[in-house]
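Q: Residues 1 to 73 (the working numbering) are what the sequence shown spells out, left to right.
These are computed hints drawn from the structure, not numbers from a lab. Possibly wrong hints are sitting among the right ones.
Claimed, not checked - Derived DEER-like restraints, expressed as beta-carbon distance ranges:
#1 Leu60 to Arg9: 27 to 33 Å
#2 Ser38 to Trp71: 44 to 50 Å
#3 Leu8 to Asp66: 39 to 45 Å
#4 Thr44 to Val72: 42 to 48 Å
#5 Ser29 to Pro7: 32 to 38 Å
#6 Pro68 to Ala41: 29 to 35 Å
#7 Thr47 to Pro68: 17 to 23 Å
#8 Pro68 to Arg35: 35 to 41 Å
#9 Ala41 to Pro69: 41 to 47 Å
#10 Ser21 to Pro69: 28 to 34 Å
#11 Trp73 to Ser29: 30 to 36 Å
Bear in mind the structure is a predicted one, so any value in this text is a computation, not a measurement. For each residue, glycine too, the CB sits at the ideal point set by N, CA and C.
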Amino acid sequence: MHKRLTPLRYSNPAIREHLVSQYVLGTLSTNARKRLESLMASDTSWTELVTQWHAYLYRLEPMAVDKPPSWVW
1 MHKRLTPLRY SNPAIREHLV SQYVLGTLST NARKRLESLM ASDTSWTELV TQWHAYLYRL
61 EPMAVDKPPS WVW
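Let the sequences and hints guide you as you build the complete structure.
A: Structure representation (structure tokens):
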């Protein structure tokens with residue numbers, strides 16, 4: 001079992017999900033991204049969430065490959 005070293009303010013599951021989803025999408029600011037990466041280095045539960053989000057988005061990838069209809073261009 002790993003130790004949870006994350007500060008209390010990040011214990012809310014909704015906040016954790018939001019931060020991780022934005023991290024995986026690449027929309028976090030530089031400071032927020034670095035902070036989350038330091039949290040991931042000290043608490044493996046963050047890394048597990050990132051892995052889950054990567055897996056979720058990987059399943060969606062085939063939908064994004066479809067070529068748009070000609071009228072779009």
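Q: Taking the hints in turn, state whether each one holds.
A: Hint-by-hint comparison with the structure:
Taking the beta carbon of each, Leu60 and Arg9 are about 30 Å apart, inside 27 to 33 Å as hinted. Take Ser38 and Trp71: their Cβ atoms lie about 47 Å apart, and the range 44 to 50 Å holds. In this structure the supplied range 39 to 45 Å holds for Leu8 paired with Asp66, their Cβ-Cβ distance being about 44 Å. With their beta carbons about 43 Å apart, Thr44 and Val72 fall inside the hinted range of 42 to 48 Å.
In this structure the hint that Ser29 and Pro7 lie 32 to 38 Å apart at CB is violated, the actual value being about 19 Å. For Pro68 and Ala41, the Cβ-Cβ distance of about 40 Å falls outside the hinted range of 29 to 35 Å, so the restraint is violated. A hinted range of 17 to 23 Å for the beta carbons of Thr47 and Pro68 is inconsistent with their spacing of about 35 Å. At about 37 Å, the beta-carbon gap between Pro68 and Arg35 stays in the expected band of 35 to 41 Å.
Roughly 45 Å separates the CB atoms of Ala41 and Pro69, a value that falls within the hinted 41 to 47 Å. Range check, Ser21 to Pro69: about 29 Å between beta-carbon atoms, so the 28 to 34 Å window is met. Taken as a hint, the range 30 to 36 Å holds for the pair Trp73 and Ser29, whose Cβ atoms sit roughly 33 Å apart.
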